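A.B. asks: Between the sequences and the hints, there should be enough to build the whole structure, so can you do that?
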Amino acid sequence: MSIIDSLLNDFFWRALIGGLGVALIAGPLGCFVVWRRLAYFGDTLAHSALLGIALSFLISVPLNVGVIITCVIIALVLVAFSRTRALATDTLLGILAHSALAIGLVTLSFMPDVRVDLTGLLFGDLLAMSRDDLLWIYGGAAVILALLVTLWQGLLMSTIHEELARVEGFPVERLRLVLMLMFSLVIAVAMKIVGVLLITALLIIPAASARRLARTPEHMVALAMVFGFVAVSGGLALSWHLDTPAGPSVVVTAFLAFLVTYSTTARTAA
Amino acid sequence: MTDPLVNLDNVTVRFDDRPAVDRVDLNVHRGDIITIIGPNGAGKTTLIKALLGLQPITSGKVQRAPGLVIGYVPQNLQMEATLPLSVRRFMALSGRRRGECLKALARTGIEHLANASVHHLSGGEKQRLLLARALARKPDLLVLDEPAQGVDINGQAALYELIRELRDELGCGVIMISHDLHLVMAATDKVICLNQHVCCSGFPADISHDPAFIETFGQSVAESVAVYHHHHNHRHNLHGDVVFGQSSSADSHGGSCNHVHH
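Here the protein sequences come in this chain order: A and B.
The first sequence lines up with residues 1 to 270 when you count with our numbering.
The second sequence lines up with residues 1 to 262 when you count with our numbering.
Keep in mind that a hint or two might mislead.
To be verified - Per the computed footprint, the stretches of chain A lying under chain B, defined by three or more beta-carbons under 8 Å from a beta-carbon of chain B, are: (1) 11 to 19; (2) 28 to 37; (3) 70 to 76; (4) 166 to 173.
None of these hints come from the bench; they were simulated from the model.
Keep in mind the model is a prediction, meaning the values are calculated, not measured.
Ideal Cβ placement from N, Cα and C applies to all residues, glycine included.
C.D. replies: Structure (structure tokens):
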């Protein structure tokens with residue numbers, strides 16, 4: 001107990017433990033982002049997290065709750081709008097991503113009493129990881145992993161071929177909704193480590209590195225988790241020793257691992 | 001006659017104001033092989049998507065028999081290359097047991113590809129994989145959207161033959177879209193010519209036994225290429241619009257008919 005306690009008293013270890021928890025869920029969700037071509041969609045949700053933070057201050061709810069709710073609402077709006085096909089999806093995402101970010105920043109500037117570390121929110125902060133955050137991360141990870149295991153078959157099938165999945169009786173729309181909820185949750189908890197601007201990188205880069213080596217979808221998920229672990233621990237070590245910002249250090253490590261993987265492996269088969 | 005597996009009653013699907021499918025009635029029974037033909041943009045795919053429940057309909061009614069198991073072979077299997085997937089795994093996702101999956105692969109002649117990546121299959125192999133997957137589900141109704149796409153001419157004949165055999169083995173109903181008119185005629189029970197509305201429908205066998213037809217084309221051609229009879233009360237101009245009451249010589253399909261089939 002005392003060892004764990006002293007570990008948790010050390011902010012570096014808190015950040016590392018938290019980061020590993022995030023890697024655990026960023027791995028599988030990152031694979032879905034890559035498989036379903038949701039990179040820009042994830043970016044939009046992450047950007048809207050800042051709006052969520054501003055709104056949380058405005059109506060005094062816990063930050064995580066505000067972020068999750070805002071992300072879910074933005075996700076639903078996106079789905080509803082993309083159905084109307086009035087605008088190309090990338091245009092729509094561009095509008096929402098940057099507007100949400102800008103509205104969040106403007107709203108925060110109207111609240112002089114609220115002292116927020118904007119750089120920390122945008123790029124992650126090693127020092128910001130509290131014990132409460134750890135609870136959020138591991139609670140969130142437990143929920144997400146449980147959902148993934150339960151719904152795996154349907155999620156995978158509707159990713160491979162949506163119409164085939166629908167004909168075979170999978171609740172495709174509901175699964176899409178659950179996936180969005182999970183994205184919102186991972187953004188809310190990963191925000192602390194890498195910041196809202198770089199969350200998508202933590203989702204995509206480990207998954208892309210994993211693709212080169214993977215033979216099955218599950219294999220790719222496991223490898224993405226490993227690459228996520230590598231990125232988080234390497235990045236935090238970099239941040240610790242060189243006093244670099246946490247989020248960018250994590251992303252740089254992930255990118256280096258990606259380069260190494262792609263230059264050392266032949267074009268794969270599966 | 002038993003209840004149909006699926007029943008379309010006066011089904012219309014509109015995109016904006018243009019009807020893609022216009023007041024179509026259709027029944028598929030067990031043992032049927034129904035082929036939908038028609039020009040590009042005739043609403044063939046829209047019609048079967050409405051039948052499958054993938055496409056919301058504007059008016060009319062689609063009734064599927066309760067507990068109906070559908071095997072669907074979509075037009076093409078475009079899969080995201082970032083998702084590593086073997087043939088075996090893709091089959092296993094049907095939720096059927098391993099033995100049944102392998103048997104279905106063997107039935108469509110691609111059991112040797114079980115460990116291959118789905119991303120490395122040729123067009124014909126992909127079609128056989130999709131058919132195997134539909135087959136593993138032991139469907140009551142097999143729905144195929146241009147099953148012979150990307151398959152060479154010998155393969156096409158074999159594929160239609162296989163579909164007919166599967167109908168006999170499973171006792172299922174089959175509805176498919178096809179462009180391969182001549183091959184389809186030999187393998188099908190009933191042809192529906194669609195151009196938004198149902199232009200005509202008929203049984204190819206009727207006409208292939210017609211003495212006049214056999215006299216003209218010879219016994220072997222009549223048997224291999226069963227051209228079905230085509231009664232029209234209207235024609236289509238180049239835009240596909242319906243033109244009523246033109247010359248009577250266009251009433252049956254002959255050299256003067258400007259009705260285009262692909």
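A.B. asks: Indicate, hint by hint, whether the structure satisfies it.
C.D. replies: Each hint tested on the structure:
no. : hint       : in the structure
1   : 11 to 19   : violated (count 0)
2   : 28 to 37   : holds (count 4)
3   : 70 to 76   : violated (count 0)
4   : 166 to 173 : holds (count 3)
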